[in-house]
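Chains as they are written, first to last, in this note's numbering: chain A, 1 to 303; chain B, 1 to 404.
These are calculated hints, taken from the structure and not from any lab test.
Virtual Cβ for every residue (Gly too), placed ideally from N, Cα, C.
Below, a sample of chain B positions facing chain A; criterion: calculated Cβ distance under 7 Å:
{"hint": "1", "residue": "V7"}
{"hint": "2", "residue": "I122"}
{"hint": "3", "residue": "V195"}
{"hint": "4", "residue": "I196"}
{"hint": "5", "residue": "I346"}
{"hint": "6", "residue": "S347"}
Straight line, CA to CA, 27 Å or less: simulated DSSO-like cross-link-like pairs of lysine-lysine:
{"hint": "7", "chain 1": "B", "residue 1": "K133", "chain 2": "A", "residue 2": "K29"}
{"hint": "8", "chain 1": "B", "residue 1": "K184", "chain 2": "B", "residue 2": "K174"}
{"hint": "9", "chain 1": "A", "residue 1": "K135", "chain 2": "B", "residue 2": "K197"}
{"hint": "10", "chain 1": "B", "residue 1": "K30", "chain 2": "B", "residue 2": "K208"}
{"hint": "11", "chain 1": "B", "residue 1": "K184", "chain 2": "B", "residue 2": "K252"}
{"hint": "12", "chain 1": "B", "residue 1": "K30", "chain 2": "B", "residue 2": "K252"}
{"hint": "13", "chain 1": "B", "residue 1": "K201", "chain 2": "A", "residue 2": "K135"}
{"hint": "14", "chain 1": "B", "residue 1": "K283", "chain 2": "B", "residue 2": "K173"}
{"hint": "15", "chain 1": "B", "residue 1": "K184", "chain 2": "B", "residue 2": "K280"}
{"hint": "16", "chain 1": "B", "residue 1": "K184", "chain 2": "B", "residue 2": "K133"}
{"hint": "17", "chain 1": "B", "residue 1": "K208", "chain 2": "B", "residue 2": "K197"}
{"hint": "18", "chain 1": "B", "residue 1": "K201", "chain 2": "A", "residue 2": "K286"}
{"hint": "19", "chain 1": "B", "residue 1": "K197", "chain 2": "B", "residue 2": "K133"}
{"hint": "20", "chain 1": "B", "residue 1": "K4", "chain 2": "A", "residue 2": "K64"}
{"hint": "21", "chain 1": "A", "residue 1": "K135", "chain 2": "B", "residue 2": "K4"}
{"hint": "22", "chain 1": "A", "residue 1": "K135", "chain 2": "B", "residue 2": "K30"}
{"hint": "23", "chain 1": "B", "residue 1": "K325", "chain 2": "B", "residue 2": "K52"}
{"hint": "24", "chain 1": "B", "residue 1": "K280", "chain 2": "B", "residue 2": "K165"}
{"hint": "25", "chain 1": "B", "residue 1": "K30", "chain 2": "A", "residue 2": "K286"}
{"hint": "26", "chain 1": "A", "residue 1": "K135", "chain 2": "A", "residue 2": "K286"}
{"hint": "27", "chain 1": "A", "residue 1": "K55", "chain 2": "B", "residue 2": "K395"}
{"hint": "28", "chain 1": "B", "residue 1": "K252", "chain 2": "B", "residue 2": "K208"}
{"hint": "29", "chain 1": "B", "residue 1": "K47", "chain 2": "B", "residue 2": "K314"}
{"hint": "30", "chain 1": "B", "residue 1": "K291", "chain 2": "B", "residue 2": "K47"}
{"hint": "31", "chain 1": "B", "residue 1": "K325", "chain 2": "B", "residue 2": "K47"}
{"hint": "32", "chain 1": "B", "residue 1": "K314", "chain 2": "B", "residue 2": "K325"}
{"hint": "33", "chain 1": "B", "residue 1": "K174", "chain 2": "B", "residue 2": "K283"}
{"hint": "34", "chain 1": "B", "residue 1": "K174", "chain 2": "B", "residue 2": "K280"}
{"hint": "35", "chain 1": "B", "residue 1": "K325", "chain 2": "B", "residue 2": "K291"}
{"hint": "36", "chain 1": "B", "residue 1": "K197", "chain 2": "A", "residue 2": "K286"}
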Amino acid sequence: MTLLFNYLIFPGLLFSAVIGLLAGWFDRKLSARVQFRVGPPWHQNFTDIIKLLGKETIYPAQSKFTFLFSPYLGFLSAGLVATILGMNLRSSASGFNGDLIVVIYLMLIPAIAMILGASASRNPLASVGASRELKLILAYELPFVLSIVALIIKCGGSIQLGKILELQALGASNIASWSGALAFIVCFFCMQAKLGYPPFDIAEADQELMCGTLIEYSGLPLAVFKLTKAVMLYILPVFLIILFMGKDTSLLFMVLKYIGLLFFIVLVKNTNPRVRIDQALGFFWKVPTFMAVASVILALVGQ
Amino acid sequence: MSHKVIVPIGPYHPMQEEPEFFQLYVEGEKVVDIDIIIGYNHRGIEKLAESKHYDQIAFLVERICGICSSSHPYAYVLAVEDLFGGEANIVPERALYIRTIIDELQRIHSHLLWLGLAGHFIGYNTVWMWAWKYREPVLDMFEMVTGNRNNYAMFKIGGVRRDIKDEDIPELKKMLDNLAPSIKMFYGAINDDPVIKARLKIAGTLTKEQAIDWCVVGPTARASGVNIDIRRDEPYGAFLMNTIDWNVVLEKDGDIFAKTMVRILEMEDSINIINQALNKMPKGEIDANVKDVPPGEGIGRVEAPRGECIHYIKSDGTNRPVRHKIRAPSFMNVASDKVAAVGGTISDATLTLAAVDPCYCCTERVAVINKADNKKIMNGWDLVRLSQEKTNKIKEGWPNGRPE
Numbered sequence: 001m002t003l004l005f006n007y008l009i010f011p012g013l014l015f016s017a018v019i020g021l022l023a024g025w026f027d028r029k030l031s032a033r034v035q036f037r038v039g040p041p042w043h044q045n046f047t048d049i050i051k052l053l054g055k056e057t058i059y060p061a062q063s064k065f066t067f068l069f070s071p072y073l074g075f076l077s078a079g080l081v082a083t084i085l086g087m088n089l090r091s092s093a094s095g096f097n098g099d100l101i102v103v104i105y106l107m108l109i110p111a112i113a114m115i116l117g118a119s120a121s122r123n124p125l126a127s128v129g130a131s132r133e134l135k136l137i138l139a140y141e142l143p144f145v146l147s148i149v150a151l152i153i154k155c156g157g158s159i160q161l162g163k164i165l166e167l168q169a170l171g172a173s174n175i176a177s178w179s180g181a182l183a184f185i186v187c188f189f190c191m192q193a194k195l196g197y198p199p200f201d202i203a204e205a206d207q208e209l210m211c212g213t214l215i216e217y218s219g220l221p222l223a224v225f226k227l228t229k230a231v232m233l234y235i236l237p238v239f240l241i242i243l244f245m246g247k248d249t250s251l252l253f254m255v256l257k258y259i260g261l262l263f264f265i266v267l268v269k270n271t272n273p274r275v276r277i278d279q280a281l282g283f284f285w286k287v288p289t290f291m292a293v294a295s296v297i298l299a300l301v302g303q
Numbered sequence: 001m002s003h004k005v006i007v008p009i010g011p012y013h014p015m016q017e018e019p020e021f022f023q024l025y026v027e028g029e030k031v032v033d034i035d036i037i038i039g040y041n042h043r044g045i046e047k048l049a050e051s052k053h054y055d056q057i058a059f060l061v062e063r064i065c066g067i068c069s070s071s072h073p074y075a076y077v078l079a080v081e082d083l084f085g086g087e088a089n090i091v092p093e094r095a096l097y098i099r100t101i102i103d104e105l106q107r108i109h110s111h112l113l114w115l116g117l118a119g120h121f122i123g124y125n126t127v128w129m130w131a132w133k134y135r136e137p138v139l140d141m142f143e144m145v146t147g148n149r150n151n152y153a154m155f156k157i158g159g160v161r162r163d164i165k166d167e168d169i170p171e172l173k174k175m176l177d178n179l180a181p182s183i184k185m186f187y188g189a190i191n192d193d194p195v196i197k198a199r200l201k202i203a204g205t206l207t208k209e210q211a212i213d214w215c216v217v218g219p220t221a222r223a224s225g226v227n228i229d230i231r232r233d234e235p236y237g238a239f240l241m242n243t244i245d246w247n248v249v250l251e252k253d254g255d256i257f258a259k260t261m262v263r264i265l266e267m268e269d270s271i272n273i274i275n276q277a278l279n280k281m282p283k284g285e286i287d288a289n290v291k292d293v294p295p296g297e298g299i300g301r302v303e304a305p306r307g308e309c310i311h312y313i314k315s316d317g318t319n320r321p322v323r324h325k326i327r328a329p330s331f332m333n334v335a336s337d338k339v340a341a342v343g344g345t346i347s348d349a350t351l352t353l354a355a356v357d358p359c360y361c362c363t364e365r366v367a368v369i370n371k372a373d374n375k376k377i378m379n380g381w382d383l384v385r386l387s388q389e390k391t392n393k394i395k396e397g398w399p400n401g402r403p404e
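Isolated chain B, as found in the complex:
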């Protein structure tokens, strides 16, 4: 037996845009085990949310993740609206359609972003640049509808903040029509390229049983043949009305190629859904102007681009939640690397880690502090004080108070 070598991926690595740490235990090129260490970027958002009032939290959770920046506020408002008896009970119909349009636009932009990154990870920078080029018009659409390219600030409890203007709709449709052929092009290019196929097929396979065992969600699960999609299973937004014709995309292989295909086909679906929603959107109010949040517990579930995003709210009737709990989809998906990446080569493992479209800023949890050896638990101010003390100590060593 050869001895195991640890190949570190992280805490800072060009492959991952966020801090996280994967330790690959390798024998030669083969990965025999993997350690997943997260928690480098914890921001305490759940705790922070408990100190803000309901209207502010929508803006706060929007900033959990820059890519799913409509899924989190959507799941949050759904959770609060659950206290009023559900989204359908209070939100005007037009607002439901606008919410879905935003949510699906976000899916397109997120999947295009992932597609580009996936291209980058297999060393195919042309795909990277092209995918991101075609992502630009999607961001332009966001700017047109919401005024922002990211962090749309559209969701509020009981409705949306901005209406879609009638004169914008033809322009939006034109942009969507222009986008559709480029997504078809990606589909063709990836399906026809023998080198890409050789690289992505079989690599990082997650079987259906494993997918169910590890509770993966979203495209990762659907690529393994697990038929789940919150949009169908527990409809929200425009899906409540049953007026939109769409299908859940399913693949059965569970490898990286299947995950890519699911995402590309979902983009086509999303374009379809947005077009239908733009057509069927009724005139009317966009906001229900809710005032007091009743006491109780509410849950909001949204199919984010990466899978099911859950927000839980407990209210005691004041203007702040007593408890706000978030479970982002990557938290479930990242863990599945433990089975998907082991057994492959290093090249496959790095791809597999990226194939679940991990989003670490959604996933962060507090690190556990070992109480046994009497270590002090520090809060934010303690850390600031510690860092200031250290800076002062360093400064004392400098002549004239400046670095040499």
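Next up, chain A with everything else stripped away, as it sits in the complex:
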């Protein structure tokens, strides 16, 4: 029963979605201020979701199941990540060995779900979006995993989030070392791509593909995709905080760190144009991958 509560309400689906939607408002408001606009009121994202719930759901006749199932697949796995991260933050003993690996896998599923849904929709624009998303995954997963490998080496081979947190609580945050700082920068780029924010919003590309992967979605499934994005906006920064800035995990510091990270995400988002998919691929395989490799080497020599 507590497990179900943890998954559905706190710190799982509901809690992370609410925080994510609030973070989405922060993003919209800050973007608006950067662009000399006023920006929406704080409840705008909630209103949007509620509005979507009341809309008709339209789906392709040939692929109803895949099309309608994939949003939930992404949302539920993102919620699971939120639960694991939240439980680890509450007490570092509540995790299990290898939860870091599970989290890395689960964080990939929303993107896979997006590809699944887009392919099921049979729209040419969505299929272009899906192929871009797939290429983007190929681009960012390699440096992302490599930089986490560097971190695992740094933490003495521990693949348990709780252990990593404990180590940081006793010593210094991982980001304070050379390998940790490099790995953090790599993870930051990958996070931007995982969130689908500029300069890596290639799969959605409003102006080219009209929201690409999401083009055929409406009503509830669209709302679920939006919620998944909101949850991702919550779990990815928190994941990075746990891995790299886990020194002090009291509520106040967590909130400050989270807002600080969010601030940088939004700044990068608003000061970069969208790159082409081949440029994104080239960028991730050249710059962050080598940074991640350097970080692994540094971690091996104990820096």
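Position chain B against the provided structure of chain A, taking the given hints into account.
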């Protein structure tokens, strides 16, 4: 060989603010062919112009396009004044300067608008909002001079409708001085940003030969190194007097980056031209009060923000033209997408389509109706009647005459 997929851009698409239809034939991300289909928004303005008298047409053609709303009336009055022996022959000197000031202000506002949209199209919404913010003072200047922010209603045959007040001139100059640094800022920001460069360089290249072959005009041609500018080649307005010191902006790469640079540099030039015109404007009349339009044929050419805009007028000596023909610059430029966009990726293609600063409402032409299969050609009233009949048919199906 993989099969071709059609990616539709249009008839309604968030990238284009007007209805038009581009069919991109793609293999993966690569665009292998493109179909350009226009004609969704034809308004029959040329025909309409033939039923209005000369003074009314200036207002009508102003509404061809909301962005070039001084180029079209200017080209039109030039065409009519051609019947009197040319603009220089009848229009007072002060009016010539005022015409140029309006025309150049319009160039600044149009290029800033394009710059914002270009930022939006590459997913850089900050540029979009900033460019449009700096466009506001330009519209304020318009309001000060003409009383309107758009559709200025300044042009009439033989002069202009409103004078620029002497007490407004210092204020106008101050606003121009404030605008100049922000345009410099855009120049610096776009030149220094490696991501923007990576995105815009090489993309959508139109070589000089292609530019000449496809007869492109305006900034699109100048970005490819084709040295044409009506302001220099066939001077009008304040350029007639040869008192204004300016240069034609030329780039040679022909890619989207070059097109952006041409437009930004032209804005700087325009500020320069307006400042000089404000200084050198003589006192005197602003209107020649012409009465009867003589019979004959006249042509007016104006360098609109998008390129050469041509109006042709044929008069039989009455107060209405017998024929009014308009060729807007986008009509030439849009076709060049056929070579510029093919071969690139979808991302580049969408940008290339926007890089010529297309204006479809200027460009619209009548769609051809296939006479072979005996289809009826309908006029406007037929269409209205058809739509009313259809509405009535739908209403019959409703209980109590209302939708369920």
